[in-house]
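Q: All chains, please: the whole structure from these sequences, using the hints.
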Amino acid sequence: MTNNQKQNNLSKEIVDFITECQSKENPSSYLIAVLHKVQDTYGYLSVEHLEEVSQRMQIPAAKVSGVASFYHFFNLKPRGKYIIQICKGTACHVKGADLIAEKLKEELGIEFGETTKDGLFTLEATRCLGTCALAPVIQIDGKVYPKVTPDQVPQILENYFPKK
Amino acid sequence: MKTVTIKIDGNSVTVAENLTIMQAAEEIGIHIPRLCYLENLSIEGACRVCIVEVKGAPAYVTSCSTKVVEGMEVTTNSPQIREARRDIVELILDNHPKDCQLCERDGNCELQNLAYTLGIRERLFEGKRKDFPIEDSSKSVVRVPEKCILCGRCVRVCHEVQGVYNLSQQSRGFNTIVTPAYQRHMDDSVCIQCGQCINACPTAALQEKRHTEQVFKALADPEMHVVVQTAPAIRAAIGEGFNFPPGTPCTGKMVTALKKLGFNAIFDTDFAADLTIVEEAHELMGRIQENKNLPLITSCSPGWINFMEKFYPELIPNASSCKSPMSMLSSLIKTHYAKKNGIDPKKIYVVSIMPCVAKKYEMDREELLLDGIKTTDAVLTTRELIWMIKSYGIEFSRLEDSDFDSPLGESTGASVIFGTTGGVMEAALRTAAHWITKKPVHEIEFKEVRAVEGLRELELTIDNITLNIGVANGLVNAKKLLNKVISGEKQFHVIEVMACPGGCIGGGGQPYPPKGYTILDKKLFAKRAEALYKIDQEKTIRVSHENPSIKALYKELLKEPGSDVAHHLLHTHYNTQTPRGVR
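Same order as they appear, the protein sequences are chains A and B.
Using our numbering, the first residue of the first sequence is number 1, and each one after it goes up by one.
Using our numbering, the first residue of the second sequence is number 1001, and each one after it goes up by one.
Hints are supplied without guarantee of correctness; some may be wrong.
[Claimed, not checked] What follows is a set of in silico ranges between Cβ atoms, one per label pair, in the way DEER data are often shown:
| # | chain 1 | residue 1 | chain 2 | residue 2 | range |
| --- | --- | --- | --- | --- | --- |
| 1 | B | Arg1172 | A | Gly96 | 26 to 32 Å |
| 2 | A | Phe70 | B | Ile1120 | 26 to 32 Å |
| 3 | A | Val15 | B | Phe1216 | 54 to 60 Å |
| 4 | B | Val1452 | A | Phe70 | 34 to 40 Å |
| 5 | B | Asp1094 | A | Gly96 | 32 to 38 Å |
| 6 | B | Ile1134 | A | Phe70 | 21 to 27 Å |
[Unchecked claim] In silico lysine-lysine, BS3-like type, Cα no more than 25 Å apart, as pairs:
| # | chain 1 | residue 1 | chain 2 | residue 2 |
| --- | --- | --- | --- | --- |
| 7 | B | Lys1067 | B | Lys1522 |
| 8 | B | Lys1002 | B | Lys1055 |
| 9 | A | Lys24 | B | Lys1347 |
| 10 | A | Lys143 | A | Lys163 |
| 11 | A | Lys24 | B | Lys1130 |
| 12 | A | Lys24 | B | Lys1480 |
| 13 | B | Lys1130 | A | Lys77 |
Quick caveat, the hints were computed from the structure, so don't treat them as lab data.
Cβ coordinates follow ideal geometry from the N, Cα and C atoms, glycine included.
A: Next up, the structure:
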């Protein structure tokens, strides 16, 4: 993909924000703020978007890509409609989070950090969610499922499949 | 100048207040070990090898980044600090391949050398290895990321000296890797192939793409007529590979060594540099008369041409249409020389010895094909040639001098200075001055155009013509001139750009610095330049257009500068390239 000439993918809001940043002192220091906006809008940072940020902010692409790939909170791959987070905190671990993880991987056919082909689910491990009394828990788009057992997994996922 | 007095290893020393501990120690003859530090780049403080003890400080401090303070007491060599340093380097070695004997940098690797100097004799930690594949998509620069120690020197040279910023550290932690943007391949990046990253790398994580084996193969092929040409800057640096002091001109020995390697004809790129001057000075005069496409910007440096095509494509009309001297000579060898000697051009193998890795890219440019034939078949860097000579068992220092073959080996003083900053400009001015004044030129040297500091702007009047001249080496410096051209802030007539710091003498294919010199060392560049100026001064003919072989070539073949034949053989064109760089 050598083509970096397609430069009109970013939303007007983001383009306006970049223009605003360019008029400030040290415009390049707004790179992370701009990347946050891009991720908030599109869910992740695509190469096309990063390339456009690089050209619009006149920051070398290697730097933009270096920053985007350094910080944990930036996603470089598309994420699913629903984010499934398995708590890997101590309590959940002891209570069998690994078994639930295995079941989820099996049901979805993906590994941690990956997204299902239909774009519906992204599977992630997370640190302690602070609901240890309910261990083991999984969280889907902010909703916490308590005391999960592996055989409950298909049933939980069922709630998120599009209604036929 | 304000000074401070500090103690280093018990010795009182008074130094300038703005020095770092490392620099202060240097002043009293103590060289603190280091890896990521390079004098002419910004300070990174990444490797921690240069730590010292400072009395009262809670932890060891990095001497490269800590300034001296009045009354400071520094210890550079206690048993504890030596052990700490050794541990640091052992941890770097921890995930480094154990293949020194197979490695391109065996014998001149800074990491290897440092491990030895610090006394590391066993590897106590067996760390996880980095599992990154070799990336050799580029025609010039090969990345071997498993050997990378993340010192950041290549990243800094690419950004701070060349203004390219192609390389940076991507990802984090153990997965950190130095690559172009989006971890793409080098041939799909803004890389301009200058090879300064290779020079800056302390290990073999960045290397030139080697052409040595194919050259050995061609030399062994009885069917092949193998011709070699050598760039001006080679003779000024090749001696360093054989323990001659920097600045020793080794033209004659180099030619003898090439004969011993078995080349059938040995020509001088300098001849084509003279030819370039005649063509380019003619082009300049034409553009000035028509007031068109000014400034004229020189086109000898392929790193600069790549930079222009990716970063300043709007300046393409300003670049001289002259091929580089290498490609001019290769074109003549495969056409005129072949015809005159009754050799099938397909049976001629042209090898160019260059101080440059971008030439490895240039030789494959489609625009340079002549009737479908590639004119240069292999490009060897100075480093590769030194290796070949050693590998062949030739005792370079004992060689007699010999001369280049005629006629494509005859050259003037003007051509040899092409290898250093301002040299192309000076050579062009020598010829232009003659053409403008129509008189023999007395003042032959134009020392004012030698941009030893990286950048020079000047006004020069010859008779009634005043020329605005710009000279730059190192592309960060070139950017400053080019931005003025783009904005219209200043009207130049002619600009010389050499991509590498110091010009070709500091090229990406030149020998690693000998003992006592550092990478990007201006003192080393000055020595190499001195060698070229010495050769220039010793030449009887020092003006390109008076080269008798050039005159004969025009009479016999080219007719006049800028003729149709000249255009067919000696001129080219350029194209915008992607990805587009940020300037």
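Q: If a hint holds in the structure, say so; if it doesn't, say that too.
A: A quick look at each hint next to the structure:
1. Arg1172(B) - Gly96(A): 26 to 32 Å: holds, 31 Å
2. Phe70(A) - Ile1120(B): 26 to 32 Å: holds, 31 Å
3. Val15(A) - Phe1216(B): 54 to 60 Å: Cβ of Val15(A) to Cβ of Phe1216(B): about 56 Å, so the range 54 to 60 Å holds.
4. Val1452(B) - Phe70(A): 34 to 40 Å: holds, 38 Å
5. Asp1094(B) - Gly96(A): 32 to 38 Å: holds, 36 Å
6. Ile1134(B) - Phe70(A): 21 to 27 Å: Cβ of Ile1134(B) to Cβ of Phe70(A): about 24 Å, so the range 21 to 27 Å holds.
7. Lys1067(B) - Lys1522(B): holds, 24 Å
8. Lys1002(B) - Lys1055(B): holds, 23 Å
9. Lys24(A) - Lys1347(B): Given pair Lys24(A), Lys1347(B) is violated - Cα atoms ~63 Å apart, limit 25 Å.
10. Lys143(A) - Lys163(A): Measuring from Cα to Cα gives roughly 19 Å; hence the hint holds.
11. Lys24(A) - Lys1130(B): violated, 41 Å
12. Lys24(A) - Lys1480(B): holds, 23 Å
13. Lys1130(B) - Lys77(A): OK: Lys1130(B) and Lys77(A) at ~23 Å, within 25 Å.
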